[in-house]
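Assemble chain B onto chain P, guided by the hints.
One-letter residues, chain by chain:
2 protein chains.
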Amino acid sequence: MYPITLDGSSVQEKREEIKKYFNNTFDLYEKVFELLKDESVFYKKSEPTRHPMIFYFGHTATFFINKLINMKIISKRVNAEFESIFAVGVDEMSWDDMNESNYKWPEVSEVREYRNQVRKLVCDLIMKVDLVLPIRDDSPMWILLMGIEHERIHIETSLVLHRQMPIEFIKDVPAFNLCSHWGKSIKNEMLEIGGDTITLGKDKKHTLYGWDNEYGIYNEEVKDFKVSKFLVSNGEFLKFVNDKGYENKEYWDEEGLKFLDESGAKFPHFWIKNEDTFEYRALSKIINLPLNWPVEVNALEAEAFCRYKTNKEKLEYKLPSEAEYTVLYNYSNLEDVPELHESRANINFYHYASSCPVNEFSFNGVYDVIGNVWQWSRTPMRGFKGFEVHEAYDDFSTPTFDDKHALILGSSWASTGNLIMKHSRYAFRKHFFQNAGFRYVISSNENESEDIYESDALVSQYCEFQYGDSHFGVENFAISCANVASKYAINRDKALDLGCATGRATYELAKTFDKVEGIDFSVRFVQVGSKLKDDAYVAFSSVQEGELIKNKKVTLKDLGYESLKDKVSFWQGDACNLRANFTSYDLIMATNLIDRLYNPRLFLDSVDERLNKDGILILTSPYTWQESSTKKEFWLGGYKDEEGNEVKTIDSLKSILNDKFELVHIQDLEFVIKETARKYQHTISEVSVWKKR
Amino acid sequence: MYPITLDGSSVQEKREEIKKYFNNTFDLYEKVFELLKDESVFYKKSEPTRHPMIFYFGHTATFFINKLINMKIISKRVNAEFESIFAVGVDEMSWDDMNESNYKWPEVSEVREYRNQVRKLVCDLIMKVDLVLPIRDDSPMWILLMGIEHERIHIETSLVLHRQMPIEFIKDVPAFNLCSHWGKSIKNEMLEIGGDTITLGKDKKHTLYGWDNEYGIYNEEVKDFKVSKFLVSNGEFLKFVNDKGYENKEYWDEEGLKFLDESGAKFPHFWIKNEDTFEYRALSKIINLPLNWPVEVNALEAEAFCRYKTNKEKLEYKLPSEAEYTVLYNYSNLEDVPELHESRANINFYHYASSCPVNEFSFNGVYDVIGNVWQWSRTPMRGFKGFEVHEAYDDFSTPTFDDKHALILGSSWASTGNLIMKHSRYAFRKHFFQNAGFRYVISSNENESEDIYESDALVSQYCEFQYGDSHFGVENFAISCANVASKYAINRDKALDLGCATGRATYELAKTFDKVEGIDFSVRFVQVGSKLKDDAYVAFSSVQEGELIKNKKVTLKDLGYESLKDKVSFWQGDACNLRANFTSYDLIMATNLIDRLYNPRLFLDSVDERLNKDGILILTSPYTWQESSTKKEFWLGGYKDEEGNEVKTIDSLKSILNDKFELVHIQDLEFVIKETARKYQHTISEVSVWKKR
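Note that the protein sequences, when read in sequence, are chains P and B. Under our numbering, the first residue of the first sequence is numbered 1, with each subsequent residue one higher. Under our numbering, the first residue of the second sequence is numbered 1001, with each subsequent residue one higher.
Certain hints may be false.
Using 25 Å as the maximum straight-line C-alpha spacing, the simulated PhoX-like pairs for lysine-lysine come out as follows [said to hold, decoys possible]:
no., chain 1, residue 1, chain 2, residue 2
1, B, Lys-1511, B, Lys-1557
2, B, Lys-1553, P, Lys-640
3, P, Lys-202, B, Lys-1631
4, B, Lys-1679, P, Lys-204
5, B, Lys-1631, P, Lys-674
6, B, Lys-1072, P, Lys-654
7, B, Lys-1660, P, Lys-385
8, B, Lys-1631, P, Lys-648
Just so you know, the hints here were simulated from the structure itself, not pulled from any lab data.
Okay, chain P solo, but in the shape it has when bound (with noise of 0.2 Å):
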């Protein structure tokens, strides 16, 4: 099936069609899922950093009922564990918890009628949330576009784990038909490509779904250069593994020596080496190398072929980049779905659950511009001018935002939904492995600059706030709060700093604590403190005037933090609904929280089960409640009840941890944050101490 447009003219059909979809996603992910030979197989890796598979055959449908949550769209979850234990750990960042001691898998059985109740639930909001045509990005139904386009995303990744697995573990599944036909390989040759002045990026009004990253406008002038006609076969790069390029050193950088010494690598992850022969593994059956199809490497490997065949050839081969390729796109003639028939391309299973040979899909005698495996490109995955990301899944794109990700073009055979789109835009870490090869050009266009600099501006902001300078004599906020946390710390083993946003309290708490952990519900923000320990730097931007920003960089050296980077540890969790991990703590620190959580209570209620005998809950809010965070019912305070009488938070409080706690301190601290040289937020928090009785 096809992506639906956002467009229409009836909105009953609109929902029917997006319904119909809906099912058909959910259905090809459970039939991805029969691929697996039995259930015990859902408890085994594909890789040694990765869950198990039974993470994610939960983590779709968990995934539409987190979402919903947060943006207020439903109010009661439909399995609670299940959405904590579900919700991270897909891809490899450091603050995804992936310490399996800390899960404890449910059944298959559980997990299958799990995503029953959901795809009810699913089907019944498409036909009754708000509808208006077309669908933009604001709408109710947008998330559970989202949730859809998520989930076919999965069905492409998860083949790619399948892949990976030992080919006991994998039984044939019908619906998943190799090509039954391949052959020798196919002399590539390099073609001339006209240069064009683009514009990369969609129009906030496109009739498609699109994810954030998408949006925003860039241009490039493109010079003329050329490509290969053909996708890098297995035969063609062969030659490469025969001239030993997995020996050479010097066809590799730092990251790529890495990738060496840490997989041992000596041939494409795919190939298996039978004596002289190599055979091949796909999804589901282990054939002879078929020499004319796609090879399928990472970008690390690509980019070593590259080398070799420069070195060898005495002409500069390298990957496109993303503004070459959208020439190359143009060039092609191509529609954009849903225009392009999907017979024209080995895109979404319409012809193999596998690759092809590399001369079959010819586009104005270019082949395989889309479909068959993706194409490492080398521009590394940025924001266009004008990004945002979407509130509701803020961290989609901007982890990805780290010169570490390299964009993959063009879509694969078990591509469907967003991943064929034009506008589509995808990037991996350059050692992972997906359904992914190369096409390489000749080409004088140059690389686009680096930028280290955190472009997020309420992130940007939130740094300033908490590495940047002081403001009307008002101590840093952060280390006003440690400070409090350390002089009413009882026992000092362990602290959560909850909310931890950059990080800069969890440093401050290092100081006291032997060991501190910061959760915060956003990896846009997490990543900062996580990026402190692992690069030993944050770069921000800090607004002046207008659109005038000043670059500023602090390291661990500077802020004295070098013994502690080791101390700290930094995840992402939604305090409403923590794992069952989270726990045994001699400090829990919840700054600013409060008033910005869905429903506060959910954190309060049981927050006493996390500490320690003596433990200590420190919690500091200027009780700012908004719709946009809490719904007015979840409020602690700042309303009157239905006597009329005036509620306010501190006494909700009071009433909701006093069974519980002591309350042994309060006083009002102030903090505040730039949002330009002459204007700033300047708010009064109140700090509230509370021994666990």
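Chain B alone, transformed into the frame defined by chain P:
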């Protein structure tokens, strides 16, 4: 023609519909002015407190342009002078400048030509502005509908003004046909209406255009009541007149007595005494008093009649409340537009361009529930819960939330468009004449309590800023600015406080200057300073926590301004298109204004012309440019120029003003705006003082 609905399936058809509706409105409005006998009448006033008719002829066209400019939908004016002189002065508000010496009215033919230009521009826009269905209040098309519905209001009110002019100024126009039948008085009677719990207020998703005051929610439990079957007819009212009702003071309240005193009224305004009988002034004709047509009176006369009838029958008669009227509306099984066929009532000019007998249009046994003439209610105009101003017209309703404006219900023969919708809510001062009469009720339902506190959150925040407490040791900003002005002023006759907001600095400047004018773009703000002058106090609420507020009141006496009040005056005006008569100042102070103007250069380029010799210009601003106020192309700083150089506002100010001014002083000045008891905006504005060369 009926008003268009906001939804639909075809964008193109909707544009065509709107264009037709717009042209119909513009045509009908121009037809109304055909009633004026010749062009000289355009320069006559219907009432001494009003602008001449030429103002109204131009006003509705300039409204389109001023709103389109303000909302940044267009950026070029059609005729800047017309768009300033025809902009304000519709209502009898203290800030409407009605001094005719300040206006030079153009020729009728010039205004006619201007209207043609506007018609073309609006038609073009209707066909090309971004349009998504349904149209919502943040759509540019909403602004065009606003212009249309604004003109439809003036169709009705202009006809009332015409009717108030001497008959010899008016000629017959065939389109406006008088009802040709009238007869003897009809005995009224009371009908029982069952109580009900009713909800007022329109949903934001309603399919018809609405003014800000229609949205929100209000619940009331209405007890059983009795209502007059007919509107009060001229015949029924004649008894009151014959019984010396206008002479008997006990039937009149304070406001009513003031009306009697000022008007000398002895009988309804449209009656003409002819020895012992009465004649009746219709739109363009004088006829015998039509005894079975509804009497047209103002609210004060209607209330006096009720007191008279109460006194006579020893049963308490009063005007219906808005809630009671809604019960009556529901009782009548009335459909809303567009289902309601226009033949069902005396509305929309369908039957007549006049009243008609009160027993002609029955709705489930009650007559004229809608149509014929409006019906005064006893309910003062207020916003419902959830009331929000529309940013394009933030003073449509708020100046009427003063407990002095009474709602009129049910529409008249001259009502079209929004005026005949179920949810529409219009209110007038009680001494105003409209196509309005009344019916009476016997009811035990209470009147709503008075609420004279400023209910507009943003205005309240500004009241707190200008009249409230100081915080963080930062002095009152309005006073500090006036002190700077006092220090640098050379001559001290007349000062202008431009962007005066709630007016505090206007009063403070009056300590130094003989005369001070305060001007703000928004009447929401202007009315505060004005109220302080007229009523000797202002009342506002200050947010403490969430929705909890603290009510505050300051008086002229507390402020020590009793002796200053006659030196200040407040006016509505647009700093980028100020009327020519705002001139000859010794000092112009623009506090926190320039970065909120849609085009600050328009102000700065000519401000010197409004200053006397040795005049002083004071600008204060934190230079917080934002696209919601000022399109980026009009920013004075906070961006990089084409060469990549940083452009700062202060440098642009120097280059713009340097030819005409000498910069004599520059300093920082802090201010603090309270959002809640714990959250503040703390800002450092830059004050620059410029002396005219």
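Comparing the hints with the structure gives:
1. Proximity of B/Lys-1511 to B/Lys-1557 is assessed by CA-CA distance (about 15 Å); at most 25 Å being required, the pair is judged to hold.
2. Restraint check for B/Lys-1553 and P/Lys-640: the C-alpha separation of about 22 Å stays at or below 25 Å, so the hint holds.
3. A hinted pair counts as satisfied when its Cα atoms are at most 25 Å apart, and P/Lys-202 with B/Lys-1631 qualifies at roughly 22 Å.
4. The straight-line distance between the Cα atoms of B/Lys-1679 and P/Lys-204 is roughly 34 Å, outside the 25 Å bound, and the hint therefore fails.
5. Proximity of B/Lys-1631 to P/Lys-674 is assessed by CA-CA distance (about 23 Å); at most 25 Å being required, the pair is judged to hold.
6. Restraint check: the Cα-Cα separation between B/Lys-1072 and P/Lys-654 comes to about 50 Å, which exceeds 25 Å; the hinted pair is violated.
7. Between B/Lys-1660 and P/Lys-385, the direct Cα distance comes to roughly 39 Å. Violation of the 25 Å bound is thereby established for this hinted pair.
8. Taking the CA atoms of B/Lys-1631 and P/Lys-648, the gap is near 41 Å; set against the 25 Å cutoff, the hint is violated.
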